[in-house]
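Visitor: In order, the protein sequence lines correspond to chains H and V. According to our numbering, the first sequence holds residues 26 to 119 in order. According to our numbering, the second sequence holds residues 319 to 803 in order.
Hint data in this document are derived by calculation from the structure and do not stem from the laboratory. One or more of the hints may lead you astray.
Simulated crosslink set (EDC-like; lysine to aspartate or glutamate; CA at most 20 Å straight-line) [as the list claims (entries may be wrong)]:
id : chain 1 : residue 1 : chain 2 : residue 2
1  : V       : K731      : V       : E671
2  : V       : K727      : V       : E671
3  : H       : K31       : V       : E670
4  : V       : K693      : H       : E68
5  : V       : K693      : V       : E620
6  : H       : K35       : V       : E671
7  : H       : K65       : V       : D734
Covered stretches of chain H, as calculated for chain V (at least 3 residues, CB under 8 Å) [unchecked claim]:
id : segment
8  : 57-63
9  : 66-73
10 : 99-107
Here are a few chain H residues that face chain V, going by a calculated C-beta distance under 7 Å [to be verified]:
id : residue
11 : V36
12 : A40
13 : P76
14 : T77
15 : L81
16 : L96
17 : F113
18 : P116
Note that the coordinates shown come from a computational prediction; the quantities given were computed from them, not determined experimentally. All residues carry an ideal CB built from backbone N, CA and C; glycine is no exception.
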Amino acid sequence: MTISQKEVLKVANLARLQLSPQEAEQMTDQLATILGYVAKLDEIDCRAIAPTTHVLAIENAFRADAMQPSLSQAEALGNGPLQNGEAFVVPRII
Amino acid sequence: MELSALTIHESQKLLATGATSSVALTTAFLARMAAVEPTVAAYITENREQALLQAAAADSMRARGAGGPLCGIPLAIKDVICTKGLRTTAGSRILENFIPPYDATVMVKLQEQGAVCLGKTSMDEFAMGSGNENCAFGTPHNPWNRDYICGGSSGGSAAAVAADECLASLGSDTGGSIRQPASHCGMVGLKPTYGRVSRFGLLAFASSLDQIGPITKDVTDAAIMLNALAGHDPRDSTSARQATPDYTRALVTGLTGLTVGVPREYFGAGLDPEVAEVVRHGIDQLKAAGAEIKEVSLPHTEYGVAAYYIIAPAEASSNLARYDGIRYGRRDMEADTLMELYSRSRSQGFGEEVKRRILIGTYALSSGYYDAYYKKASQVRTLIVEDYRQAFSQCDILVSPVTPTPAWKIGEKVSDPLSVYLSDLLTIPGNLAGVPGMSVPCGFSSSGLPIGLQLQASHFDEETMLRVAYNLEQRLDVAGRKPLL
Chain H
26 MTISQKEVLK
36 VANLARLQLS
46 PQEAEQMTDQ
56 LATILGYVAK
66 LDEIDCRAIA
76 PTTHVLAIEN
86 AFRADAMQPS
96 LSQAEALGNG
106 PLQNGEAFVV
116 PRII
Chain V
319 MELSALTIHE
329 SQKLLATGAT
339 SSVALTTAFL
349 ARMAAVEPTV
359 AAYITENREQ
369 ALLQAAAADS
379 MRARGAGGPL
389 CGIPLAIKDV
399 ICTKGLRTTA
409 GSRILENFIP
419 PYDATVMVKL
429 QEQGAVCLGK
439 TSMDEFAMGS
449 GNENCAFGTP
459 HNPWNRDYIC
469 GGSSGGSAAA
479 VAADECLASL
489 GSDTGGSIRQ
499 PASHCGMVGL
509 KPTYGRVSRF
519 GLLAFASSLD
529 QIGPITKDVT
539 DAAIMLNALA
549 GHDPRDSTSA
559 RQATPDYTRA
569 LVTGLTGLTV
579 GVPREYFGAG
589 LDPEVAEVVR
599 HGIDQLKAAG
609 AEIKEVSLPH
619 TEYGVAAYYI
629 IAPAEASSNL
639 ARYDGIRYGR
649 RDMEADTLME
659 LYSRSRSQGF
669 GEEVKRRILI
679 GTYALSSGYY
689 DAYYKKASQV
699 RTLIVEDYRQ
709 AFSQCDILVS
719 PVTPTPAWKI
729 GEKVSDPLSV
739 YLSDLLTIPG
749 NLAGVPGMSV
759 PCGFSSSGLP
769 IGLQLQASHF
779 DEETMLRVAY
789 NLEQRLDVAG
799 RKPLL
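Chain H on its own, in the form it takes in the complex:
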C-alpha cells in the first residue's frame, strides 16, 4: 500500500506536526517504503485470530480511596514554560 503526500500532510495535521515541503516529501518517500514493508503482514490470514494488546493477564489495580501526598501547586507548575503561579497560561480560545 502506498501513501500520498496529501495523506502525509493530513496525518501530520492530526498529530499536530508541521512539515516543511522538503520534510513532507522525504517523509512521504520513507513512509511509503516502511508501509510497503509492513504489507508483509498481508501474507498471513488473520481472520480467525484474536488480537493481543497486552501479553499478560491484567487484573484491575484497585487502591484504597484514601488521601495521599501529591505534588504542590508550585511543583506541578514548575516545568510550565508559561504560567502565572496559579495556572498554565494558554492562548485565548474563546
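Add chain V to chain H, keeping to what the hints say.
Guide: Relative to the frame of chain H, chain V by itself:
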C-alpha cells in the same frame, strides 16, 4: 586495580571490609568520566556534586548498618527515567529543560538501598533508534572503536559501563534497546519480563512493550541489580504481582537437565558469518556444561518487525501527544492560537525519527486504516506469543544471536530508516511476547567488535536465564576484557 574497573560484587566486598568507601569509589568514577567522556560521550547530564553528597550519605548509612546491597554503588541512569531535581531529557529538545518533580519507582528503590547516581546517559530520542544517532545532544561512541555506534536506544548506558564510567547502568528496552547496545559494547544486558519492573516514572514510548532493566559488567551484577529493581508497584497498573526470588541464588554451575532451544529462524539469511560462528561456539559451551541442545521453531519471527513498526509507533503517537508545549517542555512563544502552539512547539521540539514514528502511528490508527494496520499487527502479535508458548513446551531457554551483525559505523545508515528497523529483527519478538531476554558477551569479530549471545526465557523465569548466562560466562574468556581508552 583501578576502582573504576571493578564490578558491583567486587566493590561490595571492598566496601564491606572498609578497604574503600563510596566517596572514594564515586571520586574514582568522576575522574574516569572526566578522562574518557571527551572520547565516549556516554552522558547527557553529569550529576557530580549530588553524586558525592549521595556517596557521603551512603558511607554514613553503611556505618549505621543501614542500606541495601547497592549501598554506595555508583550507577548511571538512562535519561528516560525520571530523577527528581535532575534534568531528564529523553534525548529530546522538547524536554531540554525538564526537571522532574518526582522520582521513578526504580530510582526510589535504588535510593532506599543507598545507590549513587553519577548522571543521566545518552539515548536515542524517546528511545526510538538502534544506534543512539537520534539523540538531540550528540552521539556517543563505541568504547571498542569510536568510529562505530554503541547501539541504541540505551547506547549511553551500555557505553558508560563498557568504558568503566559507572559500575552498572539502567536502560529501557522496547524492541531490544537494552540487549542490542549491551551486545555491541560487550556488556551484559537484561530485559526483564514485561511487568517485572515498575514503569512508573519511565517516560513512555510504547507502554505494552517498554521495560526497564540493567546493563552490567557481568552476570552476577545483573542478578544483583535485578534483585533491586524487581517487584510489584501499586503505581504501575501493569506491574506484575509475582513474588520475586533472590536472583543471585540462580547463579549455579552446571546445566544438567536443562534443554536449550535453538530457534532455526534466528540463523537465517542476513546473519553475519562471524556472528553465527561466535554464537555457535557459545552454544557448544552450554552443551559442555551439561545442557541438551534442541532445534526449535518460532515460525512467525520474520513478521515481528512489521508488527512492531505498527504497534510501537501507534502507542508512541498516543503517548507523545502529551508534549503540547503547555505543562512542561519546549513551547513556541510566538504562537497566537492553541493549534499553532501545539504544532509549532512539537515541530521544533521533536527530531526526525520521532516525527516519522508519530506519523506512522497516527496513520495506522486513523479512521479507515485501523483494521488493516493496528488490528492486523495485534493479531500477528498473538501468533508470535503462541510461537513462544510452543517453543517453551519443548525447551527451557532459547539461545540465538542478539543482532544479525556487529555494530555498524556511525553515519552509515542515517538515511535508511528501514534498514535500521530490520536490524532489530532478533530482539523485537521478545518484546511483542513480553518474555525476558538477555545479552551475554560471547566473543569478538575479527575487527575487534563485541558480539553477544541472546537468551530468552518464558515469562517470569529470569532465574533460568541468569543460570544459563552464568554458565556461559564461566566457560568463555570474554567478561573482564576491557576496551583500550
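Visitor: Against this structure, judge whether each hint is valid.
Guide: A quick look at each hint next to the structure:
no., hint, verdict
1, V:K731 x V:E671, "holds, 13 Å"
2, V:K727 x V:E671, "holds, 19 Å"
3, H:K31 x V:E670, "holds, 19 Å"
4, V:K693 x H:E68, "holds, 15 Å"
5, V:K693 x V:E620, "holds, 18 Å"
6, H:K35 x V:E671, "holds, 18 Å"
7, H:K65 x V:D734, "holds, 19 Å"
8, 57-63, "holds (count 5)"
9, 66-73, "holds (count 5)"
10, 99-107, "holds (count 7)"
11, V36, "holds, 5 Å"
12, A40, "holds, 4 Å"
13, P76, "holds, 3 Å"
14, T77, "holds, 4 Å"
15, L81, "holds, 6 Å"
16, L96, "holds, 5 Å"
17, F113, "holds, 5 Å"
18, P116, "holds, 5 Å"
Hint violations for this structure: none, all hints satisfied.
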